[in-house]
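Peer 1: No gaps in the numbering here: position 46 of the sequence shown is 46 in full-length UniProt numbering, and each next residue is one more.
I should point out that these hints are in silico values taken from the structure, not numbers from a laboratory. Possibly wrong hints are sitting among the right ones.
Here are the simulated SDA-like cross-link-like pairs (lysine to any residue), alpha carbons at most 20 Å apart as the crow flies [as the list claims (entries may be wrong)]:
id, residue 1, residue 2
1, Lys271, Glu87
2, Lys147, Asp234
3, Lys231, Asp244
4, Lys271, Leu236
5, Lys271, Gln34
6, Lys231, Trp139
7, Lys194, Leu116
8, Lys164, Asp182
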Amino acid sequence: MTHQTVRGIRPAVLPSASFPPWVRPFLDLEFRDQGAKKCFEQVLSTVLPDPTTGDMTIRVTLESLNAFFDYTNPSHPWQVDCQLLPEDPFFFSMEGFDPLAPASKRAPLETRIRRLWSSFRGDSPMPDLGFALWERRFWILAAAVEKGFAAEEAEPNCDKDLIKTKRAIFRVLMGGRSARADRLRNMYQLQYLKWSLESASSSQRSPICPEMIIEPSVPWYPVENLPFVPKTTDWLAEVNALVDRQPWRANWVYRPFDHPYNTTYVPCNRKTRIFCPRGVDAAMANQIARAIIANPFLQPPELIPDWQDRNLTGAVPEDSTAATSTVGMRWR
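Model the full assembly from the supplied sequences, consistent with the hints where possible.
Peer 2: Encoded structure:
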């Protein structure tokens, strides 16, 4: 699939009343690093659900239904996206940590943070937690699917046994999704994010910091489920096109130069590295760096004068537009 170059920054963070109550304490969070708060605000104002109507109908084949929820398939979009996440976190160290080793609830906070980080990426003994995070960004509307089943039943010569089978399987899958979503909420919202929030007011020395909220090596937790409304019965076939229009659905791994961490945090901090998909070489990293456009909401005193050059690893492409196009072709 070819990427379209759609650049630009959305407005600053929306009014607090626009967000669910659990988000509001984070709006006043005091970050330690320059640009971190504006980066957080940029993510909040970008990763938003599309408006939907109540009369939508979603249809699906039995094969497509099973494929969409088969997250163990190496070719599933979630699996593919995970392979492109940066190998290491940006705001804490994973040195000496084994994601497959058991960890108790009484383990040190740093160990539990590492465990959560691995789980959200699908690297732990509970990979379904990472899939739950993907589901939150591609949220199939159950009521619309049920309407699709009803519409099929109303058609002459319909296969009622097939519809009955699809409906039964779908409801089982929805039960699994609901259980995963509850676990994800408990571990991401009530633990990972909460510990990051509390670290801002802690007087104790800790590896946990507020900037973990904008950690780019782990997918962002949308404040609300992002609806996914396929127009055809082949749901997975439509995922890539949606990611092309809304790159945050895949954590910007296919458009790293547009990641708010790169556009808003990197230009303000000397001791940092740019967000690049796993496996990029020096030449591709240069192209990504050259394609980054600093967030226009950043003020001149916030910017490091040579921020872009500091992230170059070798020869510099002359045309950043060509760099943008090359990155898009490389990852899709």
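Peer 1: Among the hints numbered above, which are violated by the structure, and what are their numbers in rising order?
Peer 2: Of the numbered hints, 4, 8 do not hold.
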